[in-house]
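Protein sequence lines correspond, in order, to chains A and B. So the working numbering is basically just the index in the first sequence, starting at one, shifted up by 1327. So the working numbering is basically just the index in the second sequence, starting at one, shifted up by 50.
Quick caveat, the hints were computed from the structure, so don't treat them as lab data. Just so you know, not all the hints are guaranteed correct.
As the list claims (entries may be wrong) - Calculated from the model, a selection of chain B residues having no Cβ within reach of chain A, i.e. all distances over 10 Å:
#1 Pro-58
#2 Ser-93
#3 Ser-122
#4 Thr-147
Said to hold, decoys possible - With a straight-line Cα cutoff of 27 Å, these simulated DSS-like cross-link-like pairs (lysine-lysine) come out:
#5 A:Lys-1403 / B:Lys-157
#6 B:Lys-153 / A:Lys-1346
#7 B:Lys-157 / B:Lys-89
#8 A:Lys-1346 / A:Lys-1370
#9 A:Lys-1370 / B:Lys-92
#10 A:Lys-1346 / A:Lys-1403
#11 A:Lys-1392 / A:Lys-1403
#12 A:Lys-1346 / B:Lys-92
#13 B:Lys-157 / A:Lys-1370
None of these values were measured; they are calculated from a predicted model. For glycine and all other residues, C-beta sits at the position ideal for the given N, C-alpha and C.
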Amino acid sequence: EVQLVESGGGLVQPGRSLKLSCLASGFTFSNYGMNWIRQAPGKGLEWVASISSSSSYIYYADTVKGRFTISRDNAKNTLYLQMTSLRSEDTALYYCARLGELRRVRGWFAYWGQGTLVTVSS
Amino acid sequence: DIQMTQSPASLSASLGETVTIECLASEDIYSNLAWYQQKPGKSPQLLIYDASSLQDGVPSRFSGSESGTQYSLEINSLQSEDAATYFCQQHHDYPPTFGGGTKLELK
């Protein structure tokens, strides 16, 4: 069974940093592209960042480019999102999600974690 | 960026009815469209990918279709568990973009 478990969320002041993690199990992590997607309270879905299976291709939304860094450790089956210079508008539930197809760079999000809440407030 | 315009924003229907939700892409996305269902307090679940392919385990009352840049999700024989918010997402090009969502309420 595919499982994605996010952690690392919390309350943080504007301008500070936070690092999210997503521990994957139930599939060969190194074979799939991974993503972070966020959802502000009561709002829709916003894609944040993607990383290919071997970390060769990385993409960011314009809203986080230069502030967030996506990375992965295939030996630890873990996806990360380092967030710096946080703003109030970054407040959201952050999901990690796995792509549906093997070794693809883009595609549909076949599996989602339960999310970790990031609140940016003074 | 490719814009996905989803409609309606909300709808109310009765058990057993059929409903259709639509997404209009701002340019050709070549059938690279997915549909998700999100129930309150839960993470989104994939229903359909590549416009009309049903994800494993999803009931056959869900179906997807397309006409040009217009994509549709049809839910037949509505069940109580179908009450949720539905989102479309294009996976043709970066950045992946979502529709605004459709909240389906059961009468």
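Just pull the numbers of the violated hints for me, sorted ascending. Per hint list: 2, 4, 5 and 6 violated.
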